[in-house]
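Chemist: Sequence:
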Amino acid sequence: MTPQTCEHDLLGEGWCGDATSVVEFLRPLRAQLDTPGVLEVCVNRPGELLVETVRGWQTVPAAEMTLERCLSLATAVATFCDQQVNAERPLLSATLPSGERIQFVIPPAVSRGTVSITVRKPSQLIKRLDDFEREGLFERTARVEHWSGFDLQPFEQELLALKAAGRHAEFLRLAVRKHQTIVVSGKTGSGKTTFMKGLVEEVPRHERLITIQDTAELTLPHHPNVVHLFYSKDAQGTARVTAKSLLEACLRMKPDRIFLAEVRGDECFSFVRLAASGHPGSITSVHAGSCTLALEQMALMIRETGAGGGLAQHEIQRLLGIVIDVIVQFDRDERGRFVSEIFYEPRQSRGQLPGGGGDGTLVPGLQPPSDDQLALWSVA
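Residue numbering for the sequence shown is 1 to 380, as defined by my numbering.
Heads up, some of the hints might be wrong.
[To be verified] Straight-line distance between alpha carbons at most 30 Å, and here's what the computed DSS-like set of lysine-lysine pairs gives:
1. 121 / 233
2. 187 / 121
3. 127 / 197
4. 244 / 233
5. 254 / 244
6. 244 / 121
Note that these hints are calculated values from the structure, not bench results.
Generate coordinates for the entire structure from the input sequences, incorporating the hints supplied.
Modeler: Have a look at this one:
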């Protein structure tokens, strides 16, 4: 059983074990988890909690969280989700019965006598793009001048005009509705998942959607035709499925769009190939520090796959330039979360790619791929 299916036990499907022990061992953390405004609750060492809110971190004494109780909680969660946690498998990722994500690291992967526990509260709030704009998410988004071009389609010219005018919510709404493939980039905790949910809210309700994730965060409550697929990040659990195998299964499930919560490895090539072969408008996220680095990260993931390893670097860059239409870069500092950069250059599919400066400049000279290359990249 994967950690994700544990969350489905809340729906009465009975896929998971008894939650009684988990609830009991988690009790010292519950008051903090139930406090409005709390984002994460962590245990770095027995006896104290580190609690994150929008104002930052604070230390809270927790005498009940002894080493024995921390280890017992890890064992209870592993049993609940049909996983293992021990000295040979010291990492455990799961979803609690109440819906929070939890990550354990036990010795010997941490110092002896300590346990690392990180509990992330899922956002229950679904925001629209207008909400993000009102909250100032785009106030510090860099503006980049774009060349005009007679070869652009009308909607591409409209997108460039909206972006140049700083009307970012309207730009992203139109990008979603015009089936532009979007990558949301940023570090952990920068707000990528919440923002992805906001993007999905702009997808027309008549479309058939498939989500692929290791934790049930992209819930899509307003879309009637949606299938949620789950995999275990640590390859534990009864169901031996991966993000890549689920992407391949999507081909036989007739989706209009695919939402992959995050690309981390060989599933990146599968996602890009799917988007290139009839599923534009799909969305994923990646851990990277800029729009340029997001493409570099994805290129590196593709190079490390068996199929992608046979492609030259310029071929991978060309493929990404064709398939990825928009990159939204998130950042976070003492003032909060914000979008630092949005890359959109429709001419990249006509032979130009973003440059290495992270400022949206272009590198000319890469020719569009031939029909034979496109056939090779597409999914049969």
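Chemist: Determine for every hint whether it applies to the structure shown.
Modeler: Now the hints, each set against the structure:
| no. | hint | result |
| --- | --- | --- |
| 1 | 121 / 233 | holds, 18 Å |
| 2 | 187 / 121 | holds, 17 Å |
| 3 | 127 / 197 | holds, 7 Å |
| 4 | 244 / 233 | holds, 12 Å |
| 5 | 254 / 244 | holds, 17 Å |
| 6 | 244 / 121 | holds, 27 Å |
When each numbered hint is compared with the structure, no violation occurs for any of them.
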